[in-house]
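Asker: Model the full structure from these sequences, guided by the hints.
Chain residues, written in single-letter form:
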Amino acid sequence: MEYTHQPEAGQVQGHAHASSHEFDDEHHHAETFWSKYVFSQDHKMISKQFLVTAVIMGVLGMLMSVIFRLQLAWPGQSFPILETILGKWGKDGILDPNFYLALVTIHGTIMVFFVLTGGLSGTFSNLLIPFQIGARDMASGFLNMLSYWFFFASCLVMFLSLFIEAGPASGGWTVYPPLSALPQAMSGSGLGMTMWLISMALFIASSLLGSLNYIVTILNLRTKGMSMTRMPLTIWAFLVTAILGVLSFPVLFAAALLLIFDRSFGTSFYLSDIYIGGMALERNGGSPILYEHLFWFLGHPEVYIVLLPALGLTSEVIATNARKPIFGYRAMVASLMAIAFLSIIVWGHHMFISGMNPFLGSVFVFTTLLVAIPSAVKVFNYITTLWKGNIHFTPAMMYAIGMVSFFISGGVTGIILGDSALDINVHDTYFVVGHFHLVMGSAAIFGMFAGVYHWFPRMYGRMMNKKLGYAHFWLTFISAYGVFFPMHFLGLAGVPRRYYTNTEFPLFDNLVDINVLVTSFAILAAVAQAIFLFNFFYSIFKGQKSPQNPWHSNTLEWTAPVEHIHGNWPGAIPEVHRWAYDYSKPGYEEDYVLQTVPLRPDEKDEGH
Amino acid sequence: MTFLILTTIALFVIAIVRLMNVYDLSAEIRGGRTDDRATEGESRNMAWLWALFVVWLLGFLAWQFFEYKDDLLPRAASAHGPAIDNLFNTTMVIITLVFALTHIVLAYQIVKNYFRNGRKATYFAHSNKLELIWTVVPAAVLTGLIVYGLTVWDDVIYPKAEDPIVVELYSKQFDWTARYAGKDKVLGKSDYRKIDAGNDLGLLNVPEANDDIIVKGEMHLVKDKPVLFKFRSRDVIHSAYLPHFRVQMNTVPGMETAFEFTPTITTEEMRKETGNEKFNYVILCNKICGTSHYNMQMDVIVETQEEYDKWMREQQTWRQKKATASAESIIQ
Ligand code: HEM
Ligand SMILES: [Cu+2]
Ligand SMILES: [Cu+2]
Chain A
0 MEYTHQPEAG QVQGHAHASS HEFDDEHHHA ETFWSKYVFS QDHKMISKQF
50 LVTAVIMGVL GMLMSVIFRL QLAWPGQSFP ILETILGKWG KDGILDPNFY
100 LALVTIHGTI MVFFVLTGGL SGTFSNLLIP FQIGARDMAS GFLNMLSYWF
150 FFASCLVMFL SLFIEAGPAS GGWTVYPPLS ALPQAMSGSG LGMTMWLISM
200 ALFIASSLLG SLNYIVTILN LRTKGMSMTR MPLTIWAFLV TAILGVLSFP
250 VLFAAALLLI FDRSFGTSFY LSDIYIGGMA LERNGGSPIL YEHLFWFLGH
300 PEVYIVLLPA LGLTSEVIAT NARKPIFGYR AMVASLMAIA FLSIIVWGHH
350 MFISGMNPFL GSVFVFTTLL VAIPSAVKVF NYITTLWKGN IHFTPAMMYA
400 IGMVSFFISG GVTGIILGDS ALDINVHDTY FVVGHFHLVM GSAAIFGMFA
450 GVYHWFPRMY GRMMNKKLGY AHFWLTFISA YGVFFPMHFL GLAGVPRRYY
500 TNTEFPLFDN LVDINVLVTS FAILAAVAQA IFLFNFFYSI FKGQKSPQNP
550 WHSNTLEWTA PVEHIHGNWP GAIPEVHRWA YDYSKPGYEE DYVLQTVPLR
600 PDEKDEGH
Chain B
0 MTFLILTTIA LFVIAIVRLM NVYDLSAEIR GGRTDDRATE GESRNMAWLW
50 ALFVVWLLGF LAWQFFEYKD DLLPRAASAH GPAIDNLFNT TMVIITLVFA
100 LTHIVLAYQI VKNYFRNGRK ATYFAHSNKL ELIWTVVPAA VLTGLIVYGL
150 TVWDDVIYPK AEDPIVVELY SKQFDWTARY AGKDKVLGKS DYRKIDAGND
200 LGLLNVPEAN DDIIVKGEMH LVKDKPVLFK FRSRDVIHSA YLPHFRVQMN
250 TVPGMETAFE FTPTITTEEM RKETGNEKFN YVILCNKICG TSHYNMQMDV
300 IVETQEEYDK WMREQQTWRQ KKATASAESI IQ
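Residue numbers (numbering that gives the first Met the number 0), protein chains in the order written: chain A, 0 to 607; chain B, 0 to 331.
Simulated from the structure, these hints should not be mistaken for laboratory data. Check each hint, because a few of them may be wrong.
Result set (DSS-like, lysine-lysine): computed pairs, CA atoms no more than 30 Å apart in a straight line [to be verified]:
# : chain 1 : residue 1 : chain 2 : residue 2
1 : A       : 603       : B       : 119
2 : A       : 603       : B       : 128
3 : B       : 128       : A       : 387
4 : B       : 128       : A       : 544
5 : A       : 387       : B       : 111
6 : B       : 224       : A       : 466
7 : A       : 387       : B       : 119
Answerer: This is the structure we're talking about:
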């Protein structure tokens with residue numbers, strides 16, 4: 000069998016696209032440094048831009064968490080290095096309470112939006128959508144470029160807000176008004192909050208530009224033979240995620256816009272009966288609850304916008320390395336859709352005790368617990384995919400299985416939080432912090448790492464070092480559980496989140512041990528990331544050259560030459576004849592069959 | 000110090016670079032390149048590490064249950080508390096089982112099926128029967144949990160007592176104020192525009208308000224007597240969290256929220272039970288509200304009716320307080 004053959008006739012389905020690539024050489028001589036590396040419209044370059052930006056933001060977010068973990072484990076202890084880094088916010092080496100809240104807020108914002116939304120979707124939707132559906136590029140390279148630069152600007156504004164006089168936004172990543180609406184309420188609600196809102200507006204623009212592009216590309220630019228049911232699960236996940244983003248981000252924009260009005264133009268959408276800073280506010284008649292509804296209408300889908308691409312990447316990595324078809328392809332697609340649909344009607348579980356009507360609470364309990372069903376289906380399907388497999392434990396595979404582990408352990412505690420009666424006592428405690436760090440933070444980060452280790456050769460034409468990959472995996476995996484498991488117990492002991500210190504309550508006096516344990520693991524986790532950073536940047540320049548199809552995968556991205564060329568394939572676009580999961584198919588000698596290999600006369604295809 | 004850290008990092012990086020060079024070079028000498036995919040040996044090692052890890056993970060969880068059980072909240076001190084705790088324990092048992100079982104199965108599959116040269120995986124793409132099973136079984140378990148959970152929720156969240164003690168709990172940056180309705184059992188109306196130095200709650204000058212009793216720092220409740228909390232907030236959202244009673248409700252500017260419950264264990268009894276002489280029930284703030292969010296508290300004393308009545312007699316009404324204040328200002 001010939002695996003690296005160039006398929007004969009491929010055809011582009013989209014019209015707009017078919018004509019623009021017939022004269023490839025014309026594009027080439029116009030390429031300058033700026034158009035190639037900076038204002039690139041090539042999906043491969045944009046993908047790398049997203050990834051590197053996200054890695055930098057991720058490091059920043061992680062360092063922040065180490066700083067506030069130090070404070071939580073050893074409150075009041077002086078760490079001279081804090082004064083070096085933070086200046087007036089770390090006077091005498093002690094973290095300032097306002098800056099503690101600022102760090103928590105910016106940490107959360109960076110991790111959720113910049114690393115796991117922009118970084119994860121931006122990197123892998125851009126890289127894989129054109130490659131895996133057999134397209135020359137995104138539907139609109141220009142919008143795609145804009146999407147990155149809006150993202151970059153958004154990161155920049157958020158970063159700069161760290162340096163202003165009164166400090167960055169500090170009302171938590173959810174920025175509930177009135178706290179976030181009134182500069183009198185806290186120092187971070189002044190200019191810092193304005194910058195936060197500007198940054199978010201830019202981010203939303205970036206996300207919408209990206210998502211629309213992903214949707215259009217997937218629907219219109221699939222190569223000949225690539226029917227919807229032959230698409231790899233990665234593409235399904237990116238499609239569903241993009242649709243979810245288009246439906247929910249505009250609502251966040253509306254919420255932010257009204258907040259901007261309340262802050263700057265004297266309206267009172269969210270304000271009523273407020274006396275603050277020694278004065279009664281004349282403006283009246285609004286409701287902070289309205290903001291909560293609007294925010295969580297995005298906020299909950301957002302956690303799935305973070306998670307679904309990670310699930311998609313994991314599906315692909317697990318099938319490839321188990322050398323088996325993903326078990327229950329259709330059920331996997333259906334559960335992706337079910338999760339996405341349900342995620343739009345569960346936002347109220349963040350508001351059980353907000354003063355919302357208790358009956359409404361009951362409805363949200365019902366919808367929330369339903370999400371567990373498609374999630375359970377996914378987990379069991381992953382495990383069955385391993386059954387009778389021939390599992391290659393590449394670093395990517397380790398991360399993919401780690402992701403499944405976090406998805407389970409974080410998912411099951413969701414059943415507690417989704418049950419309104421139980422939420423009364425654990426709402427806003429460390430139980431919640433532990434829960435969402437496992438199911439959203441760790442699971443999605445692990446999906447992202449799986450993606451990076453797996454598609455690194457596709458991005459950079461080189462291999463990452465395996466041994467360092469293993470070391471990075473084990474240290475990160477153990478310390479993630481070491482950090483986030485004990486947090487559940489803190490929550491059950493009644494410790495609220497967003498507390499600068501627990502020392503003011505004798506109730507918490509014997510919890511110091513737990514906090515020290517958590518912080519130690521957090522430091523270990525941070526050190527482990529140094530291994531990754533080293534491996535990543537070293538391998539970009541010095542890694543071993545990658546073969547064309549290092550993991551013996553079926554999907555189209557591995558039929559393109561290792562060198563990045565404009566338009567992805569030198570000749571015609573490959574044509575697809577089968578679904579993406581013919582691993583270890585009986586009748587074939589090798590344990591994989593590229594999607595470009597025609598079906599034999601008597602052969603049945605699982606996708607159509 | 001900083002210098003030390005920087006040099007350590009630099010040395011670390013150099014060491015790894017050297018190691019990597021050696022590794023790649025020796026691989027090249029041995030015959031071209033290192034294996035891109037995991038070798039049989041690597042896969043075996045990783046598979047067994049996985050098994051070891053799952054043992055560690057389950058052990059770690061068990062250790063935490065054991066080690067931290069004394070640090071968890073003591074027995075629920077309210078009438079509805081045990082119902083919540085039972086629901087919690089039931090759910091916890093189910094999810095711990097699911098967690099443990101799935102991880103054991105995962106580890107088993109990993110160890111059983113790691114890559115061996117010359118072996119081929121089984122082509123097994125789907126099975127409607129299996130998929131039906133793991134849709135229906137979780138659905139059934141969840142239906143049970145939803146019904147159970149909503150029953151408890153309905154019991155807990157709707158106020159229903161005949162003649163509760165009515166207390167307004169008022170939040171502002173960064174403390175709590177409790178107001179009892181006084182003899183007439185009616186809380187006098189308030190208006191936030193009336194707030195000033197002598198009138199923290201913005202009470203109107205009406206008879207219903209004048210007999211109200213306002214306290215800070217510590218509030219008292221009666222054992223086995225229902226209390227209806229009405230929450231108001233002056234500035235931003237706070238949340239009244241009384242973990243021992245399994246009670247929490249946000250306080251929202253511009254609206255009134257409520258929570259009704261019945262304390263069942265006096266502070267004195269709880270001190271005996273926990274063996275902690277200084278034990279006190281507390282109200283914490285559990286919604287980020289600004290700089291001192293971490294220190295916004297009030298003690299709650301639960302006592303017998305007689306003790307409560309005695310305490311109540313010692314308190315001044317709002318009218319008496321105003322009178323004392325104006326007398327003081329005249330003296331000055
Ligand atoms: C090194 C790993 C990490 C550590 C040690 C860590 C630690 C923490 C801690 C202790 C808090 C709560 C602080 C408080 O409430 O007072 C927190 C908040 C948060 N973290 Fe992380 N975290 C890590 C990684 C992540 C990741 C990967 C995500 C991505 C989802 C994330 C998202 C958040 C969010 C959304 C918040 C809430 C912020 C808020 O309360 O407004 N974190 N983190
Ligand atoms: Cu949610
Ligand atoms: Cu607070």
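Asker: Give a verdict on every hint.
Answerer: Okay, the hints, checked on the actual structure:
With a C-alpha separation of about 20 Å, the suggested pairing of residue 603 of chain A with residue 119 of chain B holds against the 30 Å cut-off. Taking the CA atoms of residue 603 of chain A and residue 128 of chain B, the gap is near 21 Å; set against the 30 Å cutoff, the hint holds. A distance of roughly 18 Å separates the Cα atoms of residue 128 of chain B and residue 387 of chain A; the hinted pair therefore holds under the 30 Å criterion. Restraint check: the Cα-Cα separation between residue 128 of chain B and residue 544 of chain A comes to about 45 Å, which exceeds 30 Å; the hinted pair is violated.
For the given pair, residue 387 of chain A sits about 8 Å from residue 111 of chain B by alpha-carbon distance, which is consistent with the 30 Å threshold. For the hint pairing residue 224 of chain B with residue 466 of chain A, the CA-to-CA distance comes to about 65 Å; that exceeds 30 Å, so the pair is violated. For the hint pairing residue 387 of chain A with residue 119 of chain B, the CA-to-CA distance comes to about 9 Å; that is within 30 Å, so the pair holds.
Hints 4, 6 from the earlier list are contradicted by this structure; the remaining hints agree with it.
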